[in-house]
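Chemist: One letter stands for each residue in the lines below.
Number of protein chains: 2
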Amino acid sequence: MTDSIFSQRGSKAELEGGRVLQPKFDENGLIAAVVTEADSGELLMVGYMNAEALKRTIDSGEAWYWSRSRQEYWKKGGTSGQVQKIVEIRTDCDQDAIWLKVKVEGNGATCHVGYHSCFYRRIEKTEDGEVVLAAPDQAPVYDPKDVYGKS
Amino acid sequence: MTDSIFSQRGSKAELEGGRVLQPKFDENGLIAAVVTEADSGELLMVGYMNAEALKRTIDSGEAWYWSRSRQEYWKKGGTSGQVQKIVEIRTDCDQDAIWLKVKVEGNGATCHVGYHSCFYRRIEKTEDGEVVLAAPDQAPVYDPKDVYGKS
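Keeping their order, the protein sequence lines are chains A and B. First residue of the first sequence: 1, per full-length UniProt numbering; consecutive thereafter. First residue of the second sequence: 1, per full-length UniProt numbering; consecutive thereafter.
Calculated directly from the structure, the hints in this document are not laboratory data. Since we're looking at a predicted model, the values are computed, not measured. Possibly wrong hints are sitting among the right ones.
[Said to hold, decoys possible] Cβ-to-Cβ under 10 Å is the rule here; a few derived chain B residues that face chain A: (1) Gly-17; (2) Glu-88; (3) Ile-89; (4) Lys-125; (5) Leu-133.
[What the hints assert, rightly or not] When the alpha-carbon atoms are kept at most 30 Å apart in a straight line, the in silico DSS-like pairs for lysine-lysine are as follows: (6) B:Lys-55 x B:Lys-101; (7) A:Lys-12 x B:Lys-125; (8) B:Lys-12 x A:Lys-145.
[Claimed, not checked] Far from chain B, some chain A residues (derived; all Cβ distances over 12 Å): (9) Gln-8; (10) Glu-72; (11) Lys-75; (12) Gly-77; (13) Thr-79; (14) Lys-103; (15) Asn-107; (16) Gly-108; (17) Asp-143; (18) Asp-146.
Just so it is clear, CB atoms sit at the ideal spot from N, CA and C, and this is done for glycine as well.
Could you put the whole structure together from the sequences, leaning on the hints where they help?
Modeler: Next comes the structure, spelled out in C-alpha cells:
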C-alpha cells in the first residue's frame, strides 16, 4: 500500500539507491518507526505511523504516530510532556521502516509505565528451560499517576 | 492475535509487570523485531517474526524471521553467512515488539545492499522544502555479488 502523500513505490534499484522517499505502508497503511535517544543511542520505543503521521513528523520536527489501539493520531508527549524532538530521520534499504533519533522533552522518559525506555525487561530462560520475563532492570523514573492522573 | 506457542494475552497489569511472555502478534500473526549490534548499539535492521520464528530464535540463539515478501521462514545469514547470534532478547511494555541485541557472524554486515546497517540513508529536506533521501553515509562493506551471486 502506498499513499498519495508520498511517491509511489519504484523499482528495487530506486528504493535502495534513489533519492526519492517511497515508504512502504502495510495493508493497514502503517509503517514501523523505531525510536532511539539521539544522545545515548538507547532504544526507547517502537511506534507506527501512517502517511499523514510521517508527514507531520517530517514537517513539525516532533514525532507523531497512529495509535493502533485507539485508532487515532497520537502526538507523543501531548499529555505527558514527553515530546520527541526529531534530531534525525532515517529509512532502511527497502523503505519499509523508519528510524527516529530523538531528544525527549519533559521528564525525559518514554514509557507510560514509568521507565526511561519501553524495553525494560529481558526475555530469558529459567534453569528448567521455561521462557519468562525478567524483572525490570531499569528503575522507574517517574510515577505515571503524576503524569496521567491514573496508574 | 495470539498463538498457541505462547501464552494468551493477559491483563494490562500482567502484560506490563508480569513474568509471563505474552507477545502480541498482529492480524497477520507477526511481531516487529528491532535488531541492534550488541557491541556498538547500532540499529541494524527491522524484521518480522511469527510465533514459530520467535520460538526458533529463543531456542536456537540465532535470529529467525518470517519474510513478508517471500512468505517463508528466513534464518538471517542462511545464504550470506551474516548469522545473528543472540546476545539478549527484550520486549516492551505492552509486549508488541521484540528487541534483539546480536553479534553478526560472517562479514559482520547486515544489509543485502552491502552496507553494515540497513539504515544507511537520512531523510532530509532540501532548501526548497522538498523531502528527499540523502546519499548513503556509510561505505559499502562488501559486494552483494560476492555473497548472493547477483546484484
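Chemist: Run every hint past the structure and note whether it holds.
Modeler: So, going through the hints one by one against the coordinates:
1. Gly-17: holds, 8 Å
2. Glu-88: holds, 6 Å
3. Ile-89: Holds - the Cβ of B:Ile-89 comes within 10 Å of chain A, reaching about 4 Å at its closest.
4. Lys-125: At about 7 Å, which falls below the 10 Å cut-off, the nearest Cβ of chain A leaves the hint on B:Lys-125 intact, so it holds.
5. Leu-133: holds, 5 Å
6. B:Lys-55 x B:Lys-101: Given that 30 Å is the threshold and the Cα spacing comes to 16 Å, the pair holds.
7. A:Lys-12 x B:Lys-125: OK: A:Lys-12 and B:Lys-125 at ~23 Å, within 30 Å.
8. B:Lys-12 x A:Lys-145: Between B:Lys-12 and A:Lys-145 the Cα gap is close to 15 Å, so the pair holds against 30 Å.
9. Gln-8: holds, 15 Å
10. Glu-72: holds, 17 Å
11. Lys-75: For A:Lys-75, whose nearest Cβ neighbour in chain B is about 19 Å away, the distance exceeds 12 Å, so it holds.
12. Gly-77: holds, 16 Å
13. Thr-79: Answer for A:Thr-79: holds, closest chain B Cβ roughly 16 Å.
14. Lys-103: holds, 16 Å
15. Asn-107: Fine: 16 Å to the nearest Cβ keeps A:Asn-107 off the interface.
16. Gly-108: holds, 17 Å
17. Asp-143: holds, 14 Å
18. Asp-146: Nearest chain B Cβ is 17 Å from A:Asp-146, so the label holds.
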